[in-house]
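Protein chains: 2
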Amino acid sequence: MTTYAAPLKDVFFSLYDVNNYDEHYKGYELTKDLVTAIVEQAAKFSERELFPLNASGDAEGVRLVDGEVKVPGGFKQAFQRYIDGGWPTLSQPLEFGGQGLPHSVATIVTEFWQSANQAWSMYPFLGEGACETLLAYGGSKLKSTFLPNLVSGKWTGTMCLTEPQAGSDLGLLRTKAVPIGGDSDKYSITGSKIFISSGDHDISENIIHLVLARLPNSPAGSRGISLFIVPKFKVSEDGGIAERNSVVCGSIEHKMGLNGSATCQMNFDNAEGYLIGPVNKGLSCMFTFINKSRLGTAVQGQAQTEGAYQMSVNYAQDRLQGRCSGSGEVVDPIVNHPDVKRMLLTQRAFSEGGRTLTHYCAKLVDCGSSSDINVSNKSKTRLSLLIPIAKGCLTEWGFEAADLGIQIFGGHGYIRESGIEQRLRDVRVSRLYEGTTGIQAQDFIMRKVVADGGVALDEYINEVMSFLSANDGVDGFSECRDKLKACVSDWQNVSHDLIAIVDNANSIYEEVAFDYLMYSGYVVLAYQWAQICVASLYYLNHKDCRDREYYMDKLETKTFFFHRILPRSLANLACINAVIEGNAIVKRN
Amino acid sequence: MTTYAAPLKDVFFSLYDVNNYDEHYKGYELTKDLVTAIVEQAAKFSERELFPLNASGDAEGVRLVDGEVKVPGGFKQAFQRYIDGGWPTLSQPLEFGGQGLPHSVATIVTEFWQSANQAWSMYPFLGEGACETLLAYGGSKLKSTFLPNLVSGKWTGTMCLTEPQAGSDLGLLRTKAVPIGGDSDKYSITGSKIFISSGDHDISENIIHLVLARLPNSPAGSRGISLFIVPKFKVSEDGGIAERNSVVCGSIEHKMGLNGSATCQMNFDNAEGYLIGPVNKGLSCMFTFINKSRLGTAVQGQAQTEGAYQMSVNYAQDRLQGRCSGSGEVVDPIVNHPDVKRMLLTQRAFSEGGRTLTHYCAKLVDCGSSSDINVSNKSKTRLSLLIPIAKGCLTEWGFEAADLGIQIFGGHGYIRESGIEQRLRDVRVSRLYEGTTGIQAQDFIMRKVVADGGVALDEYINEVMSFLSANDGVDGFSECRDKLKACVSDWQNVSHDLIAIVDNANSIYEEVAFDYLMYSGYVVLAYQWAQICVASLYYLNHKDCRDREYYMDKLETKTFFFHRILPRSLANLACINAVIEGNAIVKRN
Chain Z
1 MTTYAAPLKD VFFSLYDVNN YDEHYKGYEL TKDLVTAIVE QAAKFSEREL FPLNASGDAE
61 GVRLVDGEVK VPGGFKQAFQ RYIDGGWPTL SQPLEFGGQG LPHSVATIVT EFWQSANQAW
121 SMYPFLGEGA CETLLAYGGS KLKSTFLPNL VSGKWTGTMC LTEPQAGSDL GLLRTKAVPI
181 GGDSDKYSIT GSKIFISSGD HDISENIIHL VLARLPNSPA GSRGISLFIV PKFKVSEDGG
241 IAERNSVVCG SIEHKMGLNG SATCQMNFDN AEGYLIGPVN KGLSCMFTFI NKSRLGTAVQ
301 GQAQTEGAYQ MSVNYAQDRL QGRCSGSGEV VDPIVNHPDV KRMLLTQRAF SEGGRTLTHY
361 CAKLVDCGSS SDINVSNKSK TRLSLLIPIA KGCLTEWGFE AADLGIQIFG GHGYIRESGI
421 EQRLRDVRVS RLYEGTTGIQ AQDFIMRKVV ADGGVALDEY INEVMSFLSA NDGVDGFSEC
481 RDKLKACVSD WQNVSHDLIA IVDNANSIYE EVAFDYLMYS GYVVLAYQWA QICVASLYYL
541 NHKDCRDREY YMDKLETKTF FFHRILPRSL ANLACINAVI EGNAIVKRN
Chain Y
1 MTTYAAPLKD VFFSLYDVNN YDEHYKGYEL TKDLVTAIVE QAAKFSEREL FPLNASGDAE
61 GVRLVDGEVK VPGGFKQAFQ RYIDGGWPTL SQPLEFGGQG LPHSVATIVT EFWQSANQAW
121 SMYPFLGEGA CETLLAYGGS KLKSTFLPNL VSGKWTGTMC LTEPQAGSDL GLLRTKAVPI
181 GGDSDKYSIT GSKIFISSGD HDISENIIHL VLARLPNSPA GSRGISLFIV PKFKVSEDGG
241 IAERNSVVCG SIEHKMGLNG SATCQMNFDN AEGYLIGPVN KGLSCMFTFI NKSRLGTAVQ
301 GQAQTEGAYQ MSVNYAQDRL QGRCSGSGEV VDPIVNHPDV KRMLLTQRAF SEGGRTLTHY
361 CAKLVDCGSS SDINVSNKSK TRLSLLIPIA KGCLTEWGFE AADLGIQIFG GHGYIRESGI
421 EQRLRDVRVS RLYEGTTGIQ AQDFIMRKVV ADGGVALDEY INEVMSFLSA NDGVDGFSEC
481 RDKLKACVSD WQNVSHDLIA IVDNANSIYE EVAFDYLMYS GYVVLAYQWA QICVASLYYL
541 NHKDCRDREY YMDKLETKTF FFHRILPRSL ANLACINAVI EGNAIVKRN
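Note that the protein sequences, when read in sequence, are chains Z and Y. Counting from 1, one number per residue, gives the positions in the first sequence under the numbering used here. Counting from 1, one number per residue, gives the positions in the second sequence under the numbering used here.
Calculated directly from the structure, the hints in this document are not laboratory data. Even glycine gets a Cβ: it sits at the ideal position worked out from N, Cα and C. Among the hints, erroneous ones may be present.
[Stated by the list, open to error] Covered by chain Z, per the in silico footprint, the following chain Y stretches (three or more residues, Cβ under 8 Å): (1) 168 to 176; (2) 316 to 329; (3) 407 to 415; (4) 418 to 431; (5) 435 to 445; (6) 511 to 525.
When you get a sec, could you build the whole thing from the sequences and use the hints?
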């Protein structure tokens, strides 16, 4: 029987000891007690309500019955309890029934939903995007019509972007929007969208679709796309459900994983929709919250890493096979075998380091809404820099962690009953949606590094260097410090080599993009582990530390990371340099 | 609609231009025309009979109906045509109805079966092991009873090793064998075996199980295990089917992939069995042919790489998305995007380089049966050295290639209909069975490198160096030569550092085993690509070369391998060195 236990201690360690959330939340008048209570309640909810539906949801999947999607058994009831617990409202504004907490609170607990049941978590996940868009671009009528029920979770949302011929390249989309009669806000939407998560289901009484479509006479390509709200059921004057809109689920996809999540082809046939945001600015409206949604996907990767680690370490402690050197037993648990330990430590290094990164990014999201324009701009710039790394690398590592989990289970890992192969199948999609890893890689090198001549990157690197100086004399930190300093310096050098390249066509950037993203990810993760190291040493270097084993474990994983994972960056760096040497005319200053 | 085309040109290039099979087969009086005819017929069979059942077999899976396993639709008919075509008999001895061809012929065509339908291929695959064991250890009665029908393919075989508590650690197995009455050859076998591929099915009229079990009063652990033959149906005096033996399939596993292959729990309840090989020597009998069966699994990895590459490149040529630098089109096929090209070239580098390695290993299998004891010993030693690399690395790379395939397909790759995610799910098991990658890694470092003090490794490295000297002046070879020379030299140095370690407990070896295996794999693959390079240059450096594009493509992939894949070995090497520095007391000479 597999289990999941929300890793409360590690979460609090990351929040308070690594990321200084204590100080951060003072600005929001949010007490540690309240945060602790929320996180602990979320832990229970994920363990008791969501995790027990994870395997059954995978086995049962969604079904399309007479044009309506039925979710797996228990999903609807869990969703009702999710609403009853007020979970959808956490970070939503008070004005529309939300609790008005900073966005980071929602991000922190999202880890638990995603570890416990990634497929189920897709249903609430998409509603948040609809809320964000309405809050930012909706007129007062649209807001009052849709927001209260979206905030409460009574209604859910979707994002309808992809079409068969238009995936990463949304400029190719063909769905049409035509104004209806004299009402300038109403449009008739016609077209087919694919890969629509939660496009139809029986979890909520209404589904609010955000739909990208083209108005008549709009320019071709991405500059001619507008954004519309299309509800499954129209809304009556009194705010209740009125007649069915002409948007239907044509089919559901049979996928590698995430079987409990409905992935729909949605057909809009003169469906009634309402323009939101400026004409022809649909893409930028849809992508306003891209950092938040990509952070949510990054959390999926980290959460599946944690889930895979927990299953793997539990199995490895129980499974007796082979003898370890010097153990004297007839048979030892495989957790004691060095190669199994290598795989477990890899999972841990990704999960714990990844968590401190998502918590840091979540803080940046909060600060991005600061009324202090300086703070807000700095935070937004930093978040934009780190999001492609977080989304790209944490989902890649989540997949690797699940894959290592199968390997730790051996042949048993290949059997569905083990549950570990489901994690691999589920997390696999996180590397594809919200922009593939390749898209993250291009975004990172071109828009986040080259476009500003490396300014944002250098600011980040300066912060790492300041951190290193500030902790220079910490007892036990020297190896970590030296290794981080060396790799950050290499990172800065190669980044400026890349920036200096004359590559109007961008083809060299595209060629190195993946290696540069992963390389940067390993360096950023090294900084996370350096911070974990310093936070742990703070306790260990105080004689009265009551929990030495916990912090010693952190140091062991830190050492493993620097010895056995960070060296991968050498391979990425060599690949980047091979491309630079092979192709580029470098302008060195 | 996905397709598969057996890559005949590449197979012949590997056989004749890289691996000198022309010369090799002269010793077997096997003409090029005959080999060509066999390989071309196998190509057709795999394309027409096996590939069309690949997706349907996955979707349908196997079923257990009233205690009997039913295979997916079409599998039985394809198997009959496989028998009719004489394919099971290729490399079997003439005496029992075989065609007496060298083993390599069977290995070469196996790639096509595995690319076309890995699940189906499991049914004939296991029969070969039963033949091998009977030929080596069977008395004349066992041989005449079982071999003719096993050779023809009329009967199939299994290998019953694993038990719930005994996987990689077979010493823990509990299945019992008790002599029956006065007949010293007959035993009553009782116990449960799990993960038995092709354990039951309706493809063949009889199934011959090879079963590891413990005789009364045998020593504990791996030295107390004997090998038995247990047929599903007993065989009458005239060689026909007699009554049902008491071995039944208790359940079938629901797996991540390979759904068309029956993975059974087999219950032996006083089943009648016949001892084969010496008492208590069952493990060594079962593992006599381990190099052959691991080579077969290595071919699975390479074959799935090829299959994934073909699907990916076809998709990438058709899929229009995004604009490439300077193309002037509104939208370009993704094959032109540098990051997609990176993934396609990675697949190609693994498939084509992997194939030349499996072909080389297949030649060594042939030579291992040479009547010249010197040739035979040298070949066996070389094969033993390379098999853990071939099995371990080619299956790891096969998984990576399938995974890259999904990434190339984007969101479409996550949909079952695309067919690419099936390759990932199917090939995943190849890293687990026949010894996990971790087991291959331990076998390699401890038994193949450290145990003989590096003698076999040094002989191999000397051969690489001779190859480099012999081709030193070849026009266009210098970059490849220098890079290979450098990495082989590093490999030799770190190998001898490892050999010199004082590590009676082997724990350091276990700690570095995985990195050392993968590191060695990249170096061996570099040698393969150097050979492909020289073979291609041979044609390109002749003015009248009529197929320049084909060989230029090889050179492009070669360059990609040395620039973008081989650098991974730097990461492995750094990890190994970190462990050595962190732990070992090195005795340097």
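Quiz item: Among all the numbered hints in the text so far, which are the ones the structure does not match?
Solution: none
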